[in-house]
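Protein chains: 4
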Amino acid sequence: MANSKYEYVKSFESNDKLMPSTWIVVRIDGRGFKKFSEDHGFDKPNDEQALYLMNACAVSMLQEFPDIVFAYGVSDEYSFIFRKETQFYQRRSSKILSVTVSFFTSVYVMKWKEFFPQNKLKYPPTFDGRVVCYPSTTIVQDYLAWRQVDCHINNLNNTCYWMLVKSGKSKREAQDFLEGTQAQEKNELLFQQFNLNYNTLPAIFRKGSCVFRDKVEDIVKYTECGDPVKRSRLKVITYHCDIIEKTFWDKHKHILR
Amino acid sequence: MANSKYEYVKSFESNDKLMPSTWIVVRIDGRGFKKFSEDHGFDKPNDEQALYLMNACAVSMLQEFPDIVFAYGVSDEYSFIFRKETQFYQRRSSKILSVTVSFFTSVYVMKWKEFFPQNKLKYPPTFDGRVVCYPSTTIVQDYLAWRQVDCHINNLNNTCYWMLVKSGKSKREAQDFLEGTQAQEKNELLFQQFNLNYNTLPAIFRKGSCVFRDKVEDIVKYTECGDPVKRSRLKVITYHCDIIEKTFWDKHKHILR
Amino acid sequence: MANSKYEYVKSFESNDKLMPSTWIVVRIDGRGFKKFSEDHGFDKPNDEQALYLMNACAVSMLQEFPDIVFAYGVSDEYSFIFRKETQFYQRRSSKILSVTVSFFTSVYVMKWKEFFPQNKLKYPPTFDGRVVCYPSTTIVQDYLAWRQVDCHINNLNNTCYWMLVKSGKSKREAQDFLEGTQAQEKNELLFQQFNLNYNTLPAIFRKGSCVFRDKVEDIVKYTECGDPVKRSRLKVITYHCDIIEKTFWDKHKHILR
Amino acid sequence: MANSKYEYVKSFESNDKLMPSTWIVVRIDGRGFKKFSEDHGFDKPNDEQALYLMNACAVSMLQEFPDIVFAYGVSDEYSFIFRKETQFYQRRSSKILSVTVSFFTSVYVMKWKEFFPQNKLKYPPTFDGRVVCYPSTTIVQDYLAWRQVDCHINNLNNTCYWMLVKSGKSKREAQDFLEGTQAQEKNELLFQQFNLNYNTLPAIFRKGSCVFRDKVEDIVKYTECGDPVKRSRLKVITYHCDIIEKTFWDKHKHILR
Numbered sequence: 001m002a003n004s005k006y007e008y009v010k011s012f013e014s015n016d017k018l019m020p021s022t023w024i025v026v027r028i029d030g031r032g033f034k035k036f037s038e039d040h041g042f043d044k045p046n047d048e049q050a051l052y053l054m055n056a057c058a059v060s061m062l063q064e065f066p067d068i069v070f071a072y073g074v075s076d077e078y079s080f081i082f083r084k085e086t087q088f089y090q091r092r093s094s095k096i097l098s099v100t101v102s103f104f105t106s107v108y109v110m111k112w113k114e115f116f117p118q119n120k121l122k123y124p125p126t127f128d129g130r131v132v133c134y135p136s137t138t139i140v141q142d143y144l145a146w147r148q149v150d151c152h153i154n155n156l157n158n159t160c161y162w163m164l165v166k167s168g169k170s171k172r173e174a175q176d177f178l179e180g181t182q183a184q185e186k187n188e189l190l191f192q193q194f195n196l197n198y199n200t201l202p203a204i205f206r207k208g209s210c211v212f213r214d215k216v217e218d219i220v221k222y223t224e225c226g227d228p229v230k231r232s233r234l235k236v237i238t239y240h241c242d243i244i245e246k247t248f249w250d251k252h253k254h255i256l257r
Numbered sequence: 001m002a003n004s005k006y007e008y009v010k011s012f013e014s015n016d017k018l019m020p021s022t023w024i025v026v027r028i029d030g031r032g033f034k035k036f037s038e039d040h041g042f043d044k045p046n047d048e049q050a051l052y053l054m055n056a057c058a059v060s061m062l063q064e065f066p067d068i069v070f071a072y073g074v075s076d077e078y079s080f081i082f083r084k085e086t087q088f089y090q091r092r093s094s095k096i097l098s099v100t101v102s103f104f105t106s107v108y109v110m111k112w113k114e115f116f117p118q119n120k121l122k123y124p125p126t127f128d129g130r131v132v133c134y135p136s137t138t139i140v141q142d143y144l145a146w147r148q149v150d151c152h153i154n155n156l157n158n159t160c161y162w163m164l165v166k167s168g169k170s171k172r173e174a175q176d177f178l179e180g181t182q183a184q185e186k187n188e189l190l191f192q193q194f195n196l197n198y199n200t201l202p203a204i205f206r207k208g209s210c211v212f213r214d215k216v217e218d219i220v221k222y223t224e225c226g227d228p229v230k231r232s233r234l235k236v237i238t239y240h241c242d243i244i245e246k247t248f249w250d251k252h253k254h255i256l257r
Numbered sequence: 001m002a003n004s005k006y007e008y009v010k011s012f013e014s015n016d017k018l019m020p021s022t023w024i025v026v027r028i029d030g031r032g033f034k035k036f037s038e039d040h041g042f043d044k045p046n047d048e049q050a051l052y053l054m055n056a057c058a059v060s061m062l063q064e065f066p067d068i069v070f071a072y073g074v075s076d077e078y079s080f081i082f083r084k085e086t087q088f089y090q091r092r093s094s095k096i097l098s099v100t101v102s103f104f105t106s107v108y109v110m111k112w113k114e115f116f117p118q119n120k121l122k123y124p125p126t127f128d129g130r131v132v133c134y135p136s137t138t139i140v141q142d143y144l145a146w147r148q149v150d151c152h153i154n155n156l157n158n159t160c161y162w163m164l165v166k167s168g169k170s171k172r173e174a175q176d177f178l179e180g181t182q183a184q185e186k187n188e189l190l191f192q193q194f195n196l197n198y199n200t201l202p203a204i205f206r207k208g209s210c211v212f213r214d215k216v217e218d219i220v221k222y223t224e225c226g227d228p229v230k231r232s233r234l235k236v237i238t239y240h241c242d243i244i245e246k247t248f249w250d251k252h253k254h255i256l257r
Numbered sequence: 001m002a003n004s005k006y007e008y009v010k011s012f013e014s015n016d017k018l019m020p021s022t023w024i025v026v027r028i029d030g031r032g033f034k035k036f037s038e039d040h041g042f043d044k045p046n047d048e049q050a051l052y053l054m055n056a057c058a059v060s061m062l063q064e065f066p067d068i069v070f071a072y073g074v075s076d077e078y079s080f081i082f083r084k085e086t087q088f089y090q091r092r093s094s095k096i097l098s099v100t101v102s103f104f105t106s107v108y109v110m111k112w113k114e115f116f117p118q119n120k121l122k123y124p125p126t127f128d129g130r131v132v133c134y135p136s137t138t139i140v141q142d143y144l145a146w147r148q149v150d151c152h153i154n155n156l157n158n159t160c161y162w163m164l165v166k167s168g169k170s171k172r173e174a175q176d177f178l179e180g181t182q183a184q185e186k187n188e189l190l191f192q193q194f195n196l197n198y199n200t201l202p203a204i205f206r207k208g209s210c211v212f213r214d215k216v217e218d219i220v221k222y223t224e225c226g227d228p229v230k231r232s233r234l235k236v237i238t239y240h241c242d243i244i245e246k247t248f249w250d251k252h253k254h255i256l257r
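Chains as they are written, first to last, in this note's numbering: chain A, 1 to 257; chain B, 1 to 257; chain C, 1 to 257; chain D, 1 to 257.
Do not take every clue at face value.
Given that identical chains are not distinguished, each listed pair holds provided it fits within a single copy or across any two copies.
In silico lysine-lysine, DSSO-like type, Cα no more than 30 Å apart, as pairs [as the list claims (entries may be wrong)]:
| # | residue 1 | residue 2 |
| --- | --- | --- |
| 1 | 5 | 251 |
| 2 | 95 | 166 |
| 3 | 171 | 122 |
| 4 | 10 | 251 |
| 5 | 10 | 186 |
| 6 | 171 | 251 |
| 7 | 10 | 35 |
| 8 | 95 | 111 |
| 9 | 186 | 17 |
| 10 | 215 | 235 |
| 11 | 35 | 111 |
| 12 | 122 | 215 |
| 13 | 34 | 17 |
| 14 | 171 | 34 |
| 15 | 34 | 166 |
| 16 | 186 | 251 |
| 17 | 215 | 17 |
| 18 | 113 | 35 |
| 19 | 35 | 95 |
| 20 | 10 | 34 |
| 21 | 17 | 5 |
| 22 | 221 | 113 |
| 23 | 171 | 44 |
| 24 | 95 | 10 |
| 25 | 44 | 34 |
| 26 | 95 | 34 |
Calculated from the structure, these hints are not laboratory results.
Here the structure is a predicted model, which means the values were calculated and not measured.
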């Protein structure tokens, strides 16, 4: 065929299969979202609508890609865990990365209006992504703990920062003020200066969001006597809970099985 | 810091820098676009609006990413060539791949309404992507020739196929009929049976689309006598021309310099 | 410094760190050893001296590289397992591969005369190598089982082949004769035609060789009454035992800990 | 076959093909050769016999592997350039690396006695290796220039260092003395203090060694009149010449063709 003369260029494609029997994590991150959130008037330090939109994208991901068993999101980033034995795209790294990032982006733009009906997209939101493999369940749990600890540290800091700024400090002053302070001091700052108990803030801000399939009971019909007939099925749900302590994983053993 | 206990998980990220001084090609491909084009009622064998939308995305890509020097698109795929010495994301493969695919997808969804005002997106369009490096200009040109030859072969075949189907043959019959026929025979089929000279079809169908920066002359103002004052500048333009023959590259030496 | 002008060439070196927390296996293989063994008059199907030389090299490897916890050898190949958390050469694949293959080769040539005092090396023996990572202990055990099953299959076949050849068949006839026969039939062939019970052959031929550190008791001195004072220590030893059944691993839990 | 149950472990082997149409460089380096050269009483700063042995290994390499087109050695390291289009082991990195390092090591041990007849090997000499690809001829030349500049810098420094040590300074004093001095000052030190013109030192010390195939004329027979009949052929030869200036490459265009 005429094409064969040029087909040799395919030999430059590199094989990028990920190691079998390892957990595949795709982490997606907003590109330039500091500016994007300013340009689109997001609330600071957290915009609930923006987080709900991220969560809606994550739910769509689990519905579209059955081999994603867990997702964890905070701010403008989301991590997706594929089950250890997934054969999704034969574990080809580029395919997995590009398709998940593309799908996430596509849903983000399509659902934007639903969450920001008054707020037009000024330019295309973009996400970057990376793929990392982890050889054991313990290390995947540590990965997720790492992200949630990060969520905590950043959110506590950002809460202080924006309270200071809203109370009249310049951004520079607020930053200098917080430089080097510990969690304890930040909690006290909020409580004493702003009468704010950090632990009463919405869990979605403090814990981030976990998306996974959980058993739910649906009423499928009623008997003649009017008693409900229930059936349990797996449904993609969103929680804002602690995943650092092992108790979560003990209670949800089916997730990282 | 509290985080350090878990931070070891970062050590599992692999370094994915691409070889320096090589041409980086990102090829983006519609995922499941056979179904997507049916579900959204695209014209067969080619939907002009769909191609214009793809081209609009490609133009946005060159405007957003200055290190892309050339793009070639056909059907639901687009290849983007980054200049050899680009330091875009320090040449990290995952970053380059994910950001370009994400941006392309984002523009595709945002501009959809512009090209299909009557046609609502039924679900999120998704693209996959891959990154390939080429060590020499000649091989990059061969890569592009490979895609354009593919465009020609597929388009000639699809044109025949859909003419047969529209003339009453079943899809299976049309396929069997074309099985094993050569270009010459397909041209004759079109001419004799459908009175269609293949070479008179729109170049965008036959040649695909080339997007690159070219010198254009703008009239910036008029002299007092009414004579136009022109200035030449680089503008991202879209052509449908032959890039298999070396004459194109001889005429546009600045592109793959 | 004058050098800096050219030092950019270092940037072309790729990072080749192996995934952390995985078992690293280096498998070394004789290059062209069919010819090498003929040219040096090795006994067929197995040359005991040649196997002892391979084993001596493996023992040297464990003595030189403390992070190798187990080695398994058969014929002209040897597999070396590095402990999961080894930081040997920061887990850089090329370093680990090249240094182990080089050391093995060096010992092989240096010790040759010890095992073949009458038999001069005619040309440089050469080995190739590869590095593979395994994420779990079970899979490493399966890897070793794979090699030992291979040993069994090949040795049974080779034993039959050479018995046939030594009994007067041509090499081609012997091969055709064995084509498609099962283990059962091969055992019977040996027993009925050559009065040979395969299971009485030396274990080193049938099982290959396992090299690892095991507790041994040494008499370090004698008491005044002449009673021996023993001390246990780890010593690199060579066994020819079954490693397919899990019993071996249950008994030697310290190896793949 | 019985083996299939375990054969899945092969799927963990990663594909490591090197980019096509690029120059493959294997650099081999003595492992712990500072100690090795002391333990074997090498002359300082340069041991001619040790260099000749390295060169003999390099010559054997070019004779064994026809796709090596050039080698450059200095001290205990040697770089081997494979031609751009080589299909040696289908360009599999591990195979190329392990086989070349193994062969080099094997020859080193086998030829040791030839160069050090009075000097027994005390333990196995070992080399590490790495593989790097370069996309263009210019960059390969820069790579070689990088090694030769390194040779020059190190040799000038080592020559000063050992002259100082041999003249009675302690190693620490010699090192401190040279710290931060420029090439110019080092040349003057040698000339004024030790009456040594650096440029009169043997070229093998100052320039390192280049091994490649060059046309030589052999007298193949004599005519009846006694006139020699010559034939030119390619022979692996060793030179000690400048490869930083492009003049060398202009004169030997066939090497990196």
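Each hint, compared with the structure:
For the identical chains of this complex, residue 5 and residue 251 are inter-copy neighbours only, at 23 Å across copies versus 59 Å inside a copy, given an alpha-carbon limit of 30 Å. Taking the shortest alpha-carbon separations for residue 95 and residue 166, neither the intra-copy value of 44 Å nor the inter-copy value of 35 Å comes in at or below 30 Å. With identical chains, the CA atoms of residue 171 and residue 122 are at most 30 Å apart within one copy only, with a shortest distance of 25 Å there and 44 Å across copies. For a Cα distance limit of 30 Å, the shortest separation of residue 10 from residue 251 across copies, 27 Å, qualifies, whereas the shortest one inside one copy, 48 Å, does not.
Taking the shortest Cα distances, residue 10 and residue 186 sit within 30 Å of each other only across copies (27 Å), while inside one copy they are farther apart (56 Å). When the C-alpha separation of residue 171 and residue 251 is checked against a cutoff of 30 Å, the pair qualifies neither within a copy, at 43 Å, nor between copies, at 53 Å. In this assembly of identical chains, residue 10 and residue 35 lie within 30 Å of each other by CA distance solely across copies; the values are 26 Å between and 39 Å within a copy. With identical chains, the CA atoms of residue 95 and residue 111 are at most 30 Å apart both within one copy (24 Å) and between copies (24 Å).
In this homomeric assembly, residue 186 and residue 17 never come within 30 Å of each other (Cα to Cα): the closest approach is 45 Å inside a single copy and 39 Å across copies. Only within a single protomer do residue 215 and residue 235 lie at most 30 Å apart by alpha-carbon distance; the minimum there is 6 Å, versus 54 Å between protomers. In this assembly of identical chains, residue 35 and residue 111 lie within 30 Å of each other by CA distance both inside one copy and across copies; the values are 20 Å within and 22 Å between. Taking CA atoms no more than 30 Å apart as the test, residue 122 paired with residue 215 passes between copies only; the shortest distance there is 29 Å, against 40 Å inside one copy.
For a Cα distance limit of 30 Å, the shortest separation of residue 34 from residue 17 across copies, 26 Å, qualifies, whereas the shortest one inside one copy, 34 Å, does not. Taking the closest pair of Cα atoms, residue 171 and residue 34 come within 30 Å of each other only inside a single copy of the chain (14 Å); across copies the shortest separation is 52 Å, beyond that limit. Taking the closest pair of Cα atoms, residue 34 and residue 166 come within 30 Å of each other only inside a single copy of the chain (18 Å); across copies the shortest separation is 52 Å, beyond that limit. Taking the shortest Cα distances, residue 186 and residue 251 never come within 30 Å of each other, neither inside one copy (32 Å) nor across copies (54 Å).
In this homomeric assembly, residue 215 and residue 17 never come within 30 Å of each other (Cα to Cα): the closest approach is 33 Å inside a single copy and 41 Å across copies. Taking CA atoms no more than 30 Å apart as the test, residue 113 paired with residue 35 passes in both settings, with 19 Å inside one copy and 26 Å between copies. Taking the closest pair of Cα atoms, residue 35 and residue 95 come within 30 Å of each other both inside a single copy (29 Å) and across two copies (19 Å). In this assembly of identical chains, residue 10 and residue 34 lie within 30 Å of each other by CA distance solely across copies; the values are 23 Å between and 39 Å within a copy.
Both within a single protomer and between protomers do residue 17 and residue 5 lie at most 30 Å apart by alpha-carbon distance, with minima of 28 Å and 22 Å respectively. In this assembly of identical chains, the alpha carbons of residue 221 and residue 113 never lie at most 30 Å apart, being 35 Å within a copy and 41 Å across copies at closest. In this homomeric assembly, residue 171 and residue 44 come within 30 Å of each other (Cα to Cα) only inside a single copy, at 13 Å, whereas the closest approach across copies is 57 Å. In this assembly of identical chains, residue 95 and residue 10 lie within 30 Å of each other by CA distance both inside one copy and across copies; the values are 16 Å within and 22 Å between.
For the homomeric pair residue 44 and residue 34, the shortest alpha-carbon distance inside one copy (11 Å) is at most 30 Å, but the shortest distance between copies (43 Å) is not. In the homo-oligomer, the alpha carbons of residue 95 and residue 34 lie at most 30 Å apart both inside one protomer (28 Å) and across protomers (18 Å), since each shortest distance falls under that limit.
Hint compliance for this structure: hints 2, 6, 9, 16, 17 and 22 are not met, and every other hint is.
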